[in-house]
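Here is what each chain is made of, one letter per residue.
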Amino acid sequence: MGPEGGAPPAIELTGISKRFGAVQANRDISLTVAKGTIHGIVGENGAGKSTLMSILYGFYRADSGEIRIDGEPCRIHAPRDAIAAGIGMVHQHFMLVDTFTVLENVVLGAEGGALLAAGVAKARAELQRLERDYALEVDIDAVTGTLPVGLQQRVEILKALYRGARILILDEPTGVLTPQEADHLFRILDGLRKQGVTVILITHKLREIMAITDTVSVMRRGEMVAHLTTSETTKEQLAESMVGRKVLLQVDKKPAQPDEPALAVEHLTVADDAGIERVRDIGFSVRAGEIVGIAGVAGNGQSELLEALAGIRPVRQGCVRLSGAEITAEQRRDPKEMRRLRLAHVPEDRQRMGLLTQFEANESAILGYHDDPAYNGPVLMNRGTVVKDCEGKMGLYDVRPDDPLLKTGGFSGGNQQKIVLAREIERDPDVLLVGQPTRGVDIGAIEFIHRRLVALRDAGKAILVVSVELDEIMSLADRILVMFDGRIVGEVAAAEATETMLGLMMAGIDPSETQEATP
Amino acid sequence: MSGPEPTPGVPKWVYIVAMPVVNLAAAFLVSGLVVLLVGEDPLEVVKILLWGAFGFQEAIGYTLYYTTNFIFTGLAVAVAFHCGLFNIGGEGQAYIGGLGVGLACLYLDFLPFPLLLLSVIAAAALFGGAWAFIPAYLQAKRGSHIVITTIMFNFLAATLMVYLMVNVLIEPGQMSPETREFDAAAWLPFAHEALAWIGIGFARSPLNLSFLWALICCVLMWGFIWHTRWGYAVRAVGGNEAAAVYGGISPARTIILAMCISGALAGFLGVNEIMGVQHRLLLDFTAGYGFVGIAVALMGRNHPVGICLAALLFGALYQGGAELAFEVPKMTRDMVVVIQGLVILFSGALEFMFKPYLEAPFLRRRQVGAA
Numbered sequence: 001m002g003p004e005g006g007a008p009p010a011i012e013l014t015g016i017s018k019r020f021g022a023v024q025a026n027r028d029i030s031l032t033v034a035k036g037t038i039h040g041i042v043g044e045n046g047a048g049k050s051t052l053m054s055i056l057y058g059f060y061r062a063d064s065g066e067i068r069i070d071g072e073p074c075r076i077h078a079p080r081d082a083i084a085a086g087i088g089m090v091h092q093h094f095m096l097v098d099t100f101t102v103l104e105n106v107v108l109g110a111e112g113g114a115l116l117a118a119g120v121a122k123a124r125a126e127l128q129r130l131e132r133d134y135a136l137e138v139d140i141d142a143v144t145g146t147l148p149v150g151l152q153q154r155v156e157i158l159k160a161l162y163r164g165a166r167i168l169i170l171d172e173p174t175g176v177l178t179p180q181e182a183d184h185l186f187r188i189l190d191g192l193r194k195q196g197v198t199v200i201l202i203t204h205k206l207r208e209i210m211a212i213t214d215t216v217s218v219m220r221r222g223e224m225v226a227h228l229t230t231s232e233t234t235k236e237q238l239a240e241s242m243v244g245r246k247v248l249l250q251v252d253k254k255p256a257q258p259d260e261p262a263l264a265v266e267h268l269t270v271a272d273d274a275g276i277e278r279v280r281d282i283g284f285s286v287r288a289g290e291i292v293g294i295a296g297v298a299g300n301g302q303s304e305l306l307e308a309l310a311g312i313r314p315v316r317q318g319c320v321r322l323s324g325a326e327i328t329a330e331q332r333r334d335p336k337e338m339r340r341l342r343l344a345h346v347p348e349d350r351q352r353m354g355l356l357t358q359f360e361a362n363e364s365a366i367l368g369y370h371d372d373p374a375y376n377g378p379v380l381m382n383r384g385t386v387v388k389d390c391e392g393k394m395g396l397y398d399v400r401p402d403d404p405l406l407k408t409g410g411f412s413g414g415n416q417q418k419i420v421l422a423r424e425i426e427r428d429p430d431v432l433l434v435g436q437p438t439r440g441v442d443i444g445a446i447e448f449i450h451r452r453l454v455a456l457r458d459a460g461k462a463i464l465v466v467s468v469e470l471d472e473i474m475s476l477a478d479r480i481l482v483m484f485d486g487r488i489v490g491e492v493a494a495a496e497a498t499e500t501m502l503g504l505m506m507a508g509i510d511p512s513e514t515q516e517a518t519p
Numbered sequence: 520m521s522g523p524e525p526t527p528g529v530p531k532w533v534y535i536v537a538m539p540v541v542n543l544a545a546a547f548l549v550s551g552l553v554v555l556l557v558g559e560d561p562l563e564v565v566k567i568l569l570w571g572a573f574g575f576q577e578a579i580g581y582t583l584y585y586t587t588n589f590i591f592t593g594l595a596v597a598v599a600f601h602c603g604l605f606n607i608g609g610e611g612q613a614y615i616g617g618l619g620v621g622l623a624c625l626y627l628d629f630l631p632f633p634l635l636l637l638s639v640i641a642a643a644a645l646f647g648g649a650w651a652f653i654p655a656y657l658q659a660k661r662g663s664h665i666v667i668t669t670i671m672f673n674f675l676a677a678t679l680m681v682y683l684m685v686n687v688l689i690e691p692g693q694m695s696p697e698t699r700e701f702d703a704a705a706w707l708p709f710a711h712e713a714l715a716w717i718g719i720g721f722a723r724s725p726l727n728l729s730f731l732w733a734l735i736c737c738v739l740m741w742g743f744i745w746h747t748r749w750g751y752a753v754r755a756v757g758g759n760e761a762a763a764v765y766g767g768i769s770p771a772r773t774i775i776l777a778m779c780i781s782g783a784l785a786g787f788l789g790v791n792e793i794m795g796v797q798h799r800l801l802l803d804f805t806a807g808y809g810f811v812g813i814a815v816a817l818m819g820r821n822h823p824v825g826i827c828l829a830a831l832l833f834g835a836l837y838q839g840g841a842e843l844a845f846e847v848p849k850m851t852r853d854m855v856v857v858i859q860g861l862v863i864l865f866s867g868a869l870e871f872m873f874k875p876y877l878e879a880p881f882l883r884r885r886q887v888g889a890a
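Heads up: the sequence lines are chains A and B, in that order.
Using our numbering, the letters of the first sequence map in sequence onto residues 1 to 519.
Using our numbering, the letters of the second sequence map in sequence onto residues 520 to 890.
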């Protein structure tokens, strides 16, 4: 633990609020972090952790509230104010110039004059001192882009320390690291703490909180719900306060009557664009007439899994079976063929993938089916039919405004999602993949979307739902699979699942280890 | 606020009519200052420019003849742009398209005229499209940036043409690198000839029937982009490649398709210049039309109607400018280029400069209404 008593806290936030349009990202947040300690902030995605840290670092300005650094009131309006106040930040996505050497990256923005030589020489000496003091070994003349991510992260830390940071914010620092690299990072953080540096660690991995932090705060839906001393709390308690104990959005549904598997996945391995394996040797099946939910914190391979199943991303190993067809590394199938195999896909990010915001709604409503003879003459597309078709769907799904000629981007998130769902569900697929069915959708639309999905299930279709919303998974799915780090860490029947149990599994902890805590 | 996307709540005409008009006005205002600086009367200059472009039949003929070229190259740039590609290679594609026209006129002149015309159009599209295909393939399959490759292909086209004209296609026994004149049966009728058939007298000018083909191409382009499934794919790839892939559209195939059509449209410039006006294959007939096509497409907002209007504007500037240089000694050819440059600057590069100011009255009114 750091020094106690007379010394003012390194960071003191009081009454911080921040609103983005209709979303209250931070609501009346207070936080005190003592000097020379490691403080963890945990919470689900979208709980407001990153917003809070962006306010502290000057990316956003709080609507209200006060920031005190070392007891002094501090006006932080831009990152340079934060740097001047001794705050450094290591972002989840590194802010490094790949083609620069480590030294050049560290000096960037702190060159100390028009000519580089003097600043660089000074930086070299200073960096060597920092590396020695904090066990941060990096070859400072290496080209940054050639270094593994663990070392790139050290460059980010060096950069912050070089600018005189006494407070270091790390945003999901282990998301990109191997377990060994993460262990090394923790040793570095421990060293920093011993030197009197204050560290704020944002993460959703409870194991890390328990391993390294002195104190921990829990955020949920934009609010601070708990401040705890790490040694006096447990993973279970953290998981519970992280997920919350609120009323489930109850979906009225009969028990599932599953039939034969409609979609089967065996030993599936999928890599992301950088070639890193995000889905590792997983297997499961979805039977006709059931909804299988995949729970997990975002970024644990769910996106890559969905994209592979939809034919967008190649399979590296293993196979996917559907309608008597196989998809393997050798036998690729593009999204068009997958649609022909009667698979429909509601992508996780509708703005990035599901629709074209600059298209008219009726055009977005045929994306993927624009080749359908029903919409086309021999040469010309039958725009009248397309518009009429869209009108029908808009009525059925209560899309507002019900104007098929309006640009897709002009609809609210919930209505855009309805357009995508209408397009995919009304094709009457055998297998439906749904990513984040209700992300950014208002309550009324959520209920509607859930009812449509259950109705589709009762019509004997196989549905795979991926969502980071535990409530949603629990109320919608018949069976729940939990993904962590590219693997399926557990399967539970929805009726037997509890939030605490799923929360633990989502954090990569096997619930059987802590059976007594979950009745 | 200052991005290219329209702000919701602002009427469409602000973007379609008011913005181009204001941009143009700004360009002419600055041009006026330049004219003053040289010591001429701007109003007088405008009068001569307009008269030179539209004041008499011959002037109108010339203006529309230039317009024809700008429509072809403007459409070419626009089609590629809908696919998210910046085709800087209209110049080279037009050059090679013209080669196709010339070869067809030289060697297929035994065909009856309608068949010959079809062959010439096909040859222009084929040659221009093929010249665009190579950069398109490199972009689609190898990721070589289309801007770089199309620029380089302009130089390649120029060099290839010099080689062919000097060494292969030159009419034997003469000095200048030109082919023999085409058989008169392979000439595209001039507008004054065509009008004479129906009893209308019109002054002689280079305007020929390719002008009609340019207008037909506008309609075809409009139908293709907005009313076919292939145009849908082109716009999807240009709008959001991830969504296109999700929709089962192959970006690579679509890029190649869009670029080939773009190259074909640029190639039609040869129909006007070679078959319509020069009646022989020669060097440098593209004269920068391919590059001005970029400005035409930008100004015309990549829509055929806008492109026609922008092409007419540039046609008028070309013809009126030539007249101006002839009438007013201080307004040299270079001064006319300055005016054209200012039009391109304000309508192209600074297209959205006045956007916040034009939107402001509507947004303010809405706020008052909401309060």
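FYI, nobody ran anything at the bench for these hints, they're computed from the structure.
There's no promise every hint is true.
[To be verified] Within a straight-line C-alpha distance of at most 30 Å, the following computed DSS-like cross-link-like pairs (lysine-lysine) qualify: (1) K849(B) to K407(A); (2) K849(B) to K388(A); (3) K336(A) to K388(A); (4) K336(A) to K407(A); (5) K849(B) to K566(B); (6) K660(B) to K336(A); (7) K35(A) to K194(A); (8) K235(A) to K35(A); (9) K407(A) to K388(A).
[As the list claims (entries may be wrong)] The calculated label-pair distances, taken between Cβ atoms and stated as ranges, are: (10) G377(A) to L569(B): 52 to 58 Å; (11) L877(B) to P79(A): 42 to 48 Å; (12) R451(A) to P530(B): 47 to 53 Å; (13) L877(B) to E72(A): 57 to 63 Å; (14) L396(A) to A806(B): 56 to 62 Å.
We treat Cβ as the ideally placed atom computed from N, Cα and C, and that holds for glycine.
Verification of the hints:
Our distance criterion of 30 Å between C-alpha atoms is broken by K849(B) and K407(A), whose separation comes to about 51 Å. With a C-alpha separation of about 61 Å, the suggested pair K849(B) and K388(A) falls outside the 30 Å cut-off, and the hint is violated. Distance hint between K336(A) and K388(A) is fulfilled; the C-alpha atoms sit about 24 Å from each other, no more than 30 Å. Simply put, K336(A) and K407(A) have alpha-carbon atoms about 25 Å apart, close enough for the 30 Å limit, and the pair holds.
For a cut-off of 30 Å, the pair hint linking K849(B) to K566(B) stands: about 15 Å separates their Cα positions. Proximity of K660(B) to K336(A) is assessed by CA-CA distance (about 20 Å); at most 30 Å being required, the pair is judged to hold. For the proposed pair K35(A) and K194(A), the alpha carbon gap of about 11 Å is at most 30 Å, so the pair holds. Distance check on the hinted pair: K235(A) and K35(A) sit about 25 Å apart at the alpha-carbon level, within 30 Å; holds.
Note on K407(A) and K388(A): the hinted pairing holds, with a Cα-Cα distance of about 16 Å set against a maximum of 30 Å. Restraint check, G377(A) to L569(B): a C-beta distance of roughly 45 Å breaks the suggested window 52 to 58 Å. At roughly 34 Å, the beta carbons of L877(B) and P79(A) sit outside the given window of 42 to 48 Å. In this structure the supplied range 47 to 53 Å is violated for R451(A) paired with P530(B), their Cβ-Cβ distance being about 39 Å.
For L877(B) and E72(A), the Cβ-Cβ distance of about 47 Å falls outside the hinted range of 57 to 63 Å, so the restraint is violated. With their beta carbons about 57 Å apart, L396(A) and A806(B) fall inside the hinted range of 56 to 62 Å.
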